[in-house]
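Assemble chain E onto chain R, guided by the hints.
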Amino acid sequence: MATLEWVAYQSEGHLNTIKMIVTEIKEIDYLDCIPQNPLQLMWLNSLGGMDTWVFSRHQEFSASVSDVDQFEPVVNYLQIANSNQKVLNKELLVVVNLGYEQLNTQQVIGISGVLSSALVYAGVGNYFVQVIVKDGSYKIFDTGESKHKLEFDIILPKQYTSSL
Amino acid sequence: MSFLITRKPEKLFASSVKFSRWTALANPYLFELTRTDYGVNSTGIRPAYHPTKPTVRTTGDPVTVPIFVLAGDRIYVNSGVYQGIYTVFSVTNEYIVLDTPYIGVGGTGWVNLVDRLQNFKAYIKIYDGVTNVLIDELRLSPDSTGLLIADVSGILRKQLNTTADPTQSTINKANKGISGSFRIGYGATWLYVSEEITTDVTSPEVIVKEKYYWLSAAKQIDGDIASGMSGIGQNLKEFVPKNLASSEAKFLTMFEKPTYFDGFPFFLSFIYDEDFDGITLERHQQDADINGVDVGAETSTTLIVSQKHYVNNMILRAPNAGTKIIKAWLEDGPAETDGYIGVGGIPIGGASKYN
Numbered sequence: 001m002a003t004l005e006w007v008a009y010q011s012e013g014h015l016n017t018i019k020m021i022v023t024e025i026k027e028i029d030y031l032d033c034i035p036q037n038p039l040q041l042m043w044l045n046s047l048g049g050m051d052t053w054v055f056s057r058h059q060e061f062s063a064s065v066s067d068v069d070q071f072e073p074v075v076n077y078l079q080i081a082n083s084n085q086k087v088l089n090k091e092l093l094v095v096v097n098l099g100y101e102q103l104n105t106q107q108v109i110g111i112s113g114v115l116s117s118a119l120v121y122a123g124v125g126n127y128f129v130q131v132i133v134k135d136g137s138y139k140i141f142d143t144g145e146s147k148h149k150l151e152f153d154i155i156l157p158k159q160y161t162s163s164l
Numbered sequence: 001m002s003f004l005i006t007r008k009p010e011k012l013f014a015s016s017v018k019f020s021r022w023t024a025l026a027n028p029y030l031f032e033l034t035r036t037d038y039g040v041n042s043t044g045i046r047p048a049y050h051p052t053k054p055t056v057r058t059t060g061d062p063v064t065v066p067i068f069v070l071a072g073d074r075i076y077v078n079s080g081v082y083q084g085i086y087t088v089f090s091v092t093n094e095y096i097v098l099d100t101p102y103i104g105v106g107g108t109g110w111v112n113l114v115d116r117l118q119n120f121k122a123y124i125k126i127y128d129g130v131t132n133v134l135i136d137e138l139r140l141s142p143d144s145t146g147l148l149i150a151d152v153s154g155i156l157r158k159q160l161n162t163t164a165d166p167t168q169s170t171i172n173k174a175n176k177g178i179s180g181s182f183r184i185g186y187g188a189t190w191l192y193v194s195e196e197i198t199t200d201v202t203s204p205e206v207i208v209k210e211k212y213y214w215l216s217a218a219k220q221i222d223g224d225i226a227s228g229m230s231g232i233g234q235n236l237k238e239f240v241p242k243n244l245a246s247s248e249a250k251f252l253t254m255f256e257k258p259t260y261f262d263g264f265p266f267f268l269s270f271i272y273d274e275d276f277d278g279i280t281l282e283r284h285q286q287d288a289d290i291n292g293v294d295v296g297a298e299t300s301t302t303l304i305v306s307q308k309h310y311v312n313n314m315i316l317r318a319p320n321a322g323t324k325i326i327k328a329w330l331e332d333g334p335a336e337t338d339g340y341i342g343v344g345g346i347p348i349g350g351a352s353k354y355n
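As you go down the protein sequences, you meet chains R and E in turn.
So for the first sequence, the working numbering puts the first residue at 1; every next one is plus one.
So for the second sequence, the working numbering puts the first residue at 1; every next one is plus one.
Hints in this document: simulated from the structure, not taken from any laboratory.
We put the beta carbon where it would ideally sit given N, CA and C, even for glycine.
One or more hints might be untrue.
Taking lysine to aspartate or glutamate pairs in the EDC-like style, the calculated list, with each CA pair at most 16 angstroms apart, reads [as the list claims (entries may be wrong)]: (1) E:K308 with E:E274; (2) E:K257 with R:E91; (3) R:K19 with E:E248; (4) E:K250 with R:E24; (5) R:K26 with E:E274; (6) R:K19 with E:E282.
Examples of chain E residues lying across from chain R (beta carbon under 8 angstroms, computed) [claimed, not checked]: (7) N161; (8) T162; (9) E195; (10) A218; (11) I221; (12) S247; (13) A249; (14) K250; (15) P258; (16) T259; (17) F264; (18) P265; (19) I325; (20) K327; (21) A328.
Pulled out of the complex, with its shape left as it was, chain R reads as follows (with noise of 0.2 angstroms):
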């Protein structure tokens, strides 16, 4: 066979054609119907992919305000003065609370790779934006108990605020 007619032949895929499955075969739950108020993370896991949950239930939201710098002005008539503190700028982060009952095992395992994770975005509408999973002790799942919640913090990004 000629050079050229031996790379169609090859190229028709003559050589492959008992065709290998050279991964796992994965088994993948899926559900059609729409958790309600959902909030997706995606996260890098330890192995280097990403893993992907989409929580339902317990989102809490809650803002946590804090003083960024403050100052006292010079008061020079105390009679016309109305305040002797000024705050120069105030930070806003918002932290959501999410949880999930009813996990098998398994599926606890995978969701619990996001508090170590170093990437994790959440989907806000349309698009994702990255956010930190808050500092904290979170209990993962107890052998006793067929089925588990987990719940734990995740911060967004900070908003920015009006300054003086």
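Frame of chain R; chain E shown alone:
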């Protein structure tokens, strides 16, 4: 005189000549190098040189005979029961008598000239696996036995750029910020001290032809002796697909059974290895209902080959109605080509096929 890599961060697949060269970057990325000034055939009593003291027979060739040691020099010997730094009693061509009591026969090994070759330093260069641009260089000294364990993970971590694209719409996409490849080059410098002169010597750089791969992953202490002790470092062999019938590479997920929520992005991540250069990979998918009964036919879709040599994120096709379980896997596909080539025709993008 040689300075060679003696253990590499790679693991062999059974019944093949294929290696996994992927290592988790959160762990040390190690190469073992060994300085060997002269090889040793054996050590024992050789009455022609000394009746009671052990004589080392080196593998000095005609170029290096007599070898560069003198009586009174200190040398490191690795020859069976003789392990350590000894003083040379006498030298005759390639035979070195050690000034130490005879304790038995010593086997093959090596000798390093502690006094004659001083200030021995290895240089290890790391090149980008795609551009061949030098990333950085390490300079390290072997220990007294000539052994050097070099950890290049610190250099490679400079390449990390942890981003991903959660909105990916193509079937597969390389995650280049968290994976990549490199080549290693190495050599050594030392000071050769003779009776007359002192000379700076630099050995030519040796560039290892294989590419090595890193991934922003962390392996844990697991006591899994069955995975084998070959190579060095934290290899990701169990996650590396190969074009082998026995390949059962795992996907890069912490879920035993991940969940795909309808309407939300979902990925299966995998290592797209160099073993599929020239061969396509296909995503296969079979949907099933709650009882595990097939819903629709198995489908296959060819992956984008330009994304290989990185960790890839792969999306799934939209499941058929009634699906509750999706089975997904990868199979090797036809040879990588951009079209049918007729006799006398010119292949599209297939120039390399003629090489």
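To see whether the hints hold, each was checked on the structure:
Distance restraint check for K308 of chain E and E274 of chain E: the Cα-Cα separation of roughly 7 angstroms lies within the 16 angstroms cut-off, and the hinted pair is therefore satisfied. Distance hint between K257 of chain E and E91 of chain R is unfulfilled; the C-alpha atoms sit about 41 angstroms from each other, more than 16 angstroms. This hinted pair checks out: K19 of chain R and E248 of chain E have alpha carbons roughly 14 angstroms apart, not beyond 16 angstroms. Note on K250 of chain E and E24 of chain R: the hinted pairing holds, with a Cα-Cα distance of about 6 angstroms set against a maximum of 16 angstroms.
With a C-alpha separation of about 22 angstroms, the suggested pair K26 of chain R and E274 of chain E falls outside the 16 angstroms cut-off, and the hint is violated. A distance of roughly 10 angstroms separates the Cα atoms of K19 of chain R and E282 of chain E; the hinted pair therefore holds under the 16 angstroms criterion. For N161 of chain E, the shortest C-beta to C-beta distance to chain R is roughly 10 angstroms, which exceeds 8 angstroms, and the interface hint is violated. This hint holds: T162 of chain E has a C-beta 5 angstroms from the nearest C-beta of chain R, less than the 8 angstroms allowed.
Evaluation of the E195 of chain E hint against chain R yields a violated restraint, the C-beta minimum of about 56 angstroms exceeding 8 angstroms. Interface restraint check: A218 of chain E against chain R, minimum CB-CB distance 5 angstroms, threshold 8 angstroms, status holds. The beta carbon of I221 of chain E comes no nearer than 13 angstroms to any beta carbon in chain R, farther than 8 angstroms, and the hint placing it at the interface is violated. Below 8 angstroms, beta-carbon pairs count as interface contacts, and S247 of chain E has one with chain R at about 4 angstroms; its hint therefore holds.
Restraint check, A249 of chain E versus chain R: the minimum CB separation of about 5 angstroms is within 8 angstroms; hint holds. Hint on K250 of chain E holds. Least Cβ distance to chain R is approximately 5 angstroms, under the 8 angstroms limit. Below 8 angstroms, beta-carbon pairs count as interface contacts, and P258 of chain E has one with chain R at about 5 angstroms; its hint therefore holds. With a least beta-carbon distance of about 5 angstroms to chain R, the hint placing T259 of chain E at the interface is held under the 8 angstroms criterion.
Because the closest C-beta pair between F264 of chain E and chain R is about 5 angstroms apart, less than 8 angstroms, the hint holds. For P265 of chain E, the suggested interface contact is upheld, since its CB lies about 7 angstroms from the closest CB of chain R, less than 8 angstroms. Hint status for I325 of chain E relative to chain R: holds, with the closest Cβ pair at about 6 angstroms, below 8 angstroms. Residue-level restraint check for K327 of chain E holds (minimum Cβ-Cβ distance to chain R is 5 angstroms; threshold 8 angstroms).
Given hint, A328 of chain E at the interface with chain R, holds; its Cβ is 5 angstroms from that chain's nearest Cβ, closer than 8 angstroms.
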